[in-house]
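S.K.: Each chain is listed here by its residues.
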Amino acid sequence: MLSLAFDLLLAGALLLVSWRLLQASDLFQATVLFISFGLFLALAWVRLQAPDIALAEAAVGAGLAGVLLIGTFKRIEPQSRQNHDANDDVQPPGACRLDQAAACPGRFHYGMAGGCAGMLTLLLALAVMDLPRQGTGLTEIVADNLEMVGVDHPVTAVLLAFRLYDTWLELGVLLLALIGVFGVRGAQDLRSLPAHPVDAPVLRGLVLLLGPLTVLVTVHLLWLGDHAPGGAFQAGVVLAAGLVLFRLVGLPSVDRLPRVTLVCLVVLGFATILLLAVATTLLSIYHPLEYPPLWSKTMILTLEAAATVSIGVTLAALVILVLVVDEEP
Amino acid sequence: MQPVWMILIPFLGAAACLLLRGRFVAWAGLTASGGTFGACLAQLLQVWNQEVIRIDLGGWTTPLGIGLYLDGLGMMFLLLTALVGLLVGVYANGFFGRAADYRRMEPYFWPIWLVLWGGLNGVYLSSDIFNAYVLLEVVGLAAVGLTILSGTRESLVAGLRYLLAAMFGSLIYLLGVALLYAEIGHLDLFRLAEQMRVSLPTVIAFGLMTGGLLIKSALLPFHFWLPPAHASAPAPVSAILSGVVTKASFFLLLRIWFVVFPMLTVPLTGQLLGMLGGAAVLWGSLQAVRQTRLKLLVAYSTVGQLGYLFFLFALLAPSGGATRAEEWAVMAWTGTVFHVVSHGLAKASLFMAAGCLLLAMDTDELAAMPDMAGRLPVITFTLGVAGVSLMGLPPSAGFVAKWMLLKASLASGQWWWAVVIALGGLLTAAYVFKVLAFAFVPAARRTTNSRSDPHENQGALESKDAQAVRPVPRLMTLAALALAVLCVLFGFRAEEVIALLPHGLGLDVSPGGLYLGFSQGERP
Numbered sequence: 001m002l003s004l005a006f007d008l009l010l011a012g013a014l015l016l017v018s019w020r021l022l023q024a025s026d027l028f029q030a031t032v033l034f035i036s037f038g039l040f041l042a043l044a045w046v047r048l049q050a051p052d053i054a055l056a057e058a059a060v061g062a063g064l065a066g067v068l069l070i071g072t073f074k075r076i077e078p079q080s081r082q083n084h085d086a087n088d089d090v091q092p093p094g095a096c097r098l099d100q101a102a103a104c105p106g107r108f109h110y111g112m113a114g115g116c117a118g119m120l121t122l123l124l125a126l127a128v129m130d131l132p133r134q135g136t137g138l139t140e141i142v143a144d145n146l147e148m149v150g151v152d153h154p155v156t157a158v159l160l161a162f163r164l165y166d167t168w169l170e171l172g173v174l175l176l177a178l179i180g181v182f183g184v185r186g187a188q189d190l191r192s193l194p195a196h197p198v199d200a201p202v203l204r205g206l207v208l209l210l211g212p213l214t215v216l217v218t219v220h221l222l223w224l225g226d227h228a229p230g231g232a233f234q235a236g237v238v239l240a241a242g243l244v245l246f247r248l249v250g251l252p253s254v255d256r257l258p259r260v261t262l263v264c265l266v267v268l269g270f271a272t273i274l275l276l277a278v279a280t281t282l283l284s285i286y287h288p289l290e291y292p293p294l295w296s297k298t299m300i301l302t303l304e305a306a307a308t309v310s311i312g313v314t315l316a317a318l319v320i321l322v323l324v325v326d327e328e329p
Numbered sequence: 001m002q003p004v005w006m007i008l009i010p011f012l013g014a015a016a017c018l019l020l021r022g023r024f025v026a027w028a029g030l031t032a033s034g035g036t037f038g039a040c041l042a043q044l045l046q047v048w049n050q051e052v053i054r055i056d057l058g059g060w061t062t063p064l065g066i067g068l069y070l071d072g073l074g075m076m077f078l079l080l081t082a083l084v085g086l087l088v089g090v091y092a093n094g095f096f097g098r099a100a101d102y103r104r105m106e107p108y109f110w111p112i113w114l115v116l117w118g119g120l121n122g123v124y125l126s127s128d129i130f131n132a133y134v135l136l137e138v139v140g141l142a143a144v145g146l147t148i149l150s151g152t153r154e155s156l157v158a159g160l161r162y163l164l165a166a167m168f169g170s171l172i173y174l175l176g177v178a179l180l181y182a183e184i185g186h187l188d189l190f191r192l193a194e195q196m197r198v199s200l201p202t203v204i205a206f207g208l209m210t211g212g213l214l215i216k217s218a219l220l221p222f223h224f225w226l227p228p229a230h231a232s233a234p235a236p237v238s239a240i241l242s243g244v245v246t247k248a249s250f251f252l253l254l255r256i257w258f259v260v261f262p263m264l265t266v267p268l269t270g271q272l273l274g275m276l277g278g279a280a281v282l283w284g285s286l287q288a289v290r291q292t293r294l295k296l297l298v299a300y301s302t303v304g305q306l307g308y309l310f311f312l313f314a315l316l317a318p319s320g321g322a323t324r325a326e327e328w329a330v331m332a333w334t335g336t337v338f339h340v341v342s343h344g345l346a347k348a349s350l351f352m353a354a355g356c357l358l359l360a361m362d363t364d365e366l367a368a369m370p371d372m373a374g375r376l377p378v379i380t381f382t383l384g385v386a387g388v389s390l391m392g393l394p395p396s397a398g399f400v401a402k403w404m405l406l407k408a409s410l411a412s413g414q415w416w417w418a419v420v421i422a423l424g425g426l427l428t429a430a431y432v433f434k435v436l437a438f439a440f441v442p443a444a445r446r447t448t449n450s451r452s453d454p455h456e457n458q459g460a461l462e463s464k465d466a467q468a469v470r471p472v473p474r475l476m477t478l479a480a481l482a483l484a485v486l487c488v489l490f491g492f493r494a495e496e497v498i499a500l501l502p503h504g505l506g507l508d509v510s511p512g513g514l515y516l517g518f519s520q521g522e523r524p
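Which chain is which? The protein sequence lines are A and B, in order.
Quick note on numbering: this note's numbering labels position 166 of the first sequence as 166, and the sequence is numbered without any gaps.
Quick note on numbering: this note's numbering labels position 429 of the second sequence as 429, and the sequence is numbered without any gaps.
Where hints are given, some of them may not hold.
Stated by the list, open to error - Just the calculated beta-carbon pair ranges, DEER-fashion:
no., chain 1, residue 1, chain 2, residue 2, range
1, B, Leu-45, A, His-109, 37 to 45 Å
2, A, Asp-144, B, Leu-45, 52 to 60 Å
3, B, Leu-45, A, Leu-294, 32 to 40 Å
4, A, Gly-118, B, Leu-164, 33 to 41 Å
As the list claims (entries may be wrong) - Here are a few chain B residues that face chain A, going by a calculated C-beta distance under 10 Å:
no., residue
5, Met-105
6, Leu-135
7, His-186
8, Leu-187
9, Thr-202
10, Asp-362
Please keep in mind that the hints were generated in silico from the structure rather than gathered at the bench.
Glycine is no exception: its CB is placed at the ideal position from the N, C-alpha and C atoms.
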C-alpha cells in the first residue's frame, strides 16, 4: 500500500517536473529542472528493481549531463557578452530566454509536437497492453548459460560475454565523442587550459579525502559486477565524478596528463577488446571474440577494468573540456 | 577469410592513428584503407563461390549471442564502401597535406573515418536488430564528428542539426526494437522472421523502425539536415557522407522490410514510401537546379538521387515480399543495387572534384567558374563523367540502374514510377548541364552569363581576375577521376551483379521469401 502510494507520488513528480521543464522560459531554470528530472527518473529505476540503470541515470543523466548543461549555460548567458572571445561563435550570447528569441518554437510547433507525442503515447500504450504478460525474452536462456560464462550476474554475462560485440561498439561511441570534441577544439592540449585553484582549504581538504574513497567505490563496483548489479559502466562513472571533482577544486586531474597518456587511457578499453578480437580471429580454433575456456572470468574482469578506466577518463575529459571553456578570460 | 576482418582492420587502423603523430597518421590510415580493401576483395571471392556466410560472435549461437551474416546484397554495399573508402583515403592524403588549416584536421579525420568505415561494414554484416542500432549510433556519431571537423560556425550549426536528427531517428528505431523484443523475444533478424506474427505491437514496431530509419536516410520530409551538413564539411568528408553513409540506413531498411516484416509490407505502405521517394526525386533535383554553389548543388542532388532507392518498396510491396520470383522483381532489385553503387561512386567523385575546385579557386560559386574547362581540364572531365552516370546516359552504371527500374515499373504495371524516373532524369540533366555550362563559358563572355546573382558574382569575378588558378595535387584529381571512371565501367558488369545478388535474397528460390532462401543457402 505504502509502496503504491510512493510509486504514484513518483510518477506524479516525474510528470510535474517534465511539464514545468517544458514550460520554463528561463534556461537556468530548465537546466535545474532537467537535473531533478534525472534524479526522479533514477528513483523510478530503483522502484523497477534496476539499480544499475538507476546508478547510471543518476550519475550521467543528472550528474554529468547536468554539469555539461550548466557549463554551456554559463557560456551563453547574457552577462558573458562583454568578455566573449572570438571562437565563442556557437550561439549568439543573449539567446538565453527561450520565449524571446525569434527562432524559438511558437505555439504552433508546440501544438504539433504535443499532438505527435500524444499520438505516439496512445499507440505505445495500446501496444504495451497487447504485449504478452509472461516475458517472452531470453531471460531463461541467459540463466541457463550463466555457468558457462563464469559470472553470477546475468546483466554482466550479457554485456561482457553474450553481447560483448555491442559493449565494444559502445566503447567506440564514447571514444568517438571525445575525438569529435578534440577535433573541433583543435590541437589544444588539456594541460594548456588554465587551472583555477579554489581558495577554499576546507573544500580542497574534503575533496582530497574523497579521493581514496572514490577509488575504493570504483573498485568495489567493478568487483560487484561479478555477482550483483554493478560493473564497468557504473564504476567508470564514479571514477569520472571523482576526477571532475578534483578538477573543480583545482587539484591535479586528467588535465594534468600528457596528451599521449590521456589518449592511451581513453583508447584502453576499446583497444583491449580489439586485441581480444584480433587474437581470437587469428587463432582459428576460437570464434571471434570468444573467451578461452576457464579463462572467461579473468578475461571479463580484465576487460571490465580496462573499460572502467577508459569510461572514467573519457567522461571526465569531456566534462572538463566543456567546463574549462567558460573559465577562459 | 573471416568477414570479421572487415570490421577489425579499420578499427585497428583507427587505434593506430590515435596513438601515432605527424605524417605517420596518414600512412597508418592509408595502410588500413588498403588492408580493408584487400579484405573486401577476398570476401567478394568467398561470397561469389559460397552462397552466404554466417558467424556466431563469441561462440554463442543466435538467440543468445550476435551473429554476423553476409550475402550478395551486403557484399555489394561492402564493395561500394571499400572502393569509395580507398580512393577517398588517397584523396584525403593530398587534401589534408595542403595548408596548416587543413593539416590541423588530419589527426582527427583518420581515426574518426576509420571507425566510421568499420561501423558501416558492421551494419552490412549485422544480423541483429539491436546490434544494428549500436552500429547506427557509431556511424551517426562518427559522421557528425567528421562534419564539424572544420570547426566553422556553418559546419557546427549543420553538424548539430545532423546530430539531433540522427539521434532522434536512432531513438525511434530503438523504441521499435524494444517493442519487437518484448513481443517476440528475439533480436536476430532471421529468428524474428521465423516467429513474426501480425499484432498491434509488431505493426507499431514496424512503423517506428521504418520511421527512424527514414529520418536517418533523409527521405523527403526528413531531408532538412542533409544539404547543409554535406555541403559545409571538408571535401573528403562530403564524399564519404554523401557517397556511403547515406546508404547504411537504407540497407537496414531493406533488411527490416524484406527479412523481418515481409508480411507487413502491404501495397499501401510500399506506395507511401515510393511516393515520398518520387517527391524527393523531383523536389531534390529542382532544388539542385536552383543552387548557385557547387557543393550545395551536389548535396541537393543527393536528396533527389536517394529518392530513386525507395521505388523498390513500392515495386515489391504488392507481392508482399513472399512471391518474388517474377522477372521484374529481379530487375527492381538489380536496378536499386546498381543505383546505390553508381550514385555512391558518382557522388563521391563529384564532391571530390568540387573539393579540388575549391582548393584551386578558393570558391565553389558556379559564377566564378568561367573557362574552368580550359584551366582545369581533368576536374571538368571528372564532373562530366560523374554527371553522365548521375543522369543515366548509356554506358554508365547509372544508365543500367535507371533502365532496370524503368523496366521493372512498366512490367509491374506501376507506370507512374516510370514518369517520375524520366522527369528526374531530365532534371538531373538540367543541373549537370548547368555546372558544365558555367565551366565551358569562355572567359570573355562571363559577364553576360552571370545574371542569376549579379552583385555576388561581381565580387567573385573580381577576385578571380586577380589570382591565377592554384595547382591541385595530381593524386587528388586522379582519385576523383578514378571514381568517375569506375562508375562508368561498373555499367558493363551488370551480369555479375545479377548473379551475385540472389545469393541469400531468395530471388531465384520459388515462393517463400528471404528467410526461406536463407535457410536453404545457409545450412548446406
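S.K.: If a hint holds in the structure, say so; if it does not, say that too.
M.R.: Hints versus structure:
{"no.": "1", "hint": "Leu-45(B) to His-109(A): 37 to 45 Å", "in the structure": "53 Å, violated"}
{"no.": "2", "hint": "Asp-144(A) to Leu-45(B): 52 to 60 Å", "in the structure": "39 Å, violated"}
{"no.": "3", "hint": "Leu-45(B) to Leu-294(A): 32 to 40 Å", "in the structure": "37 Å, holds"}
{"no.": "4", "hint": "Gly-118(A) to Leu-164(B): 33 to 41 Å", "in the structure": "21 Å, violated"}
{"no.": "5", "hint": "Met-105", "in the structure": "7 Å, holds"}
{"no.": "6", "hint": "Leu-135", "in the structure": "6 Å, holds"}
{"no.": "7", "hint": "His-186", "in the structure": "8 Å, holds"}
{"no.": "8", "hint": "Leu-187", "in the structure": "8 Å, holds"}
{"no.": "9", "hint": "Thr-202", "in the structure": "9 Å, holds"}
{"no.": "10", "hint": "Asp-362", "in the structure": "21 Å, violated"}
The earlier numbered hints that this structure contradicts are 1, 2, 4 and 10.
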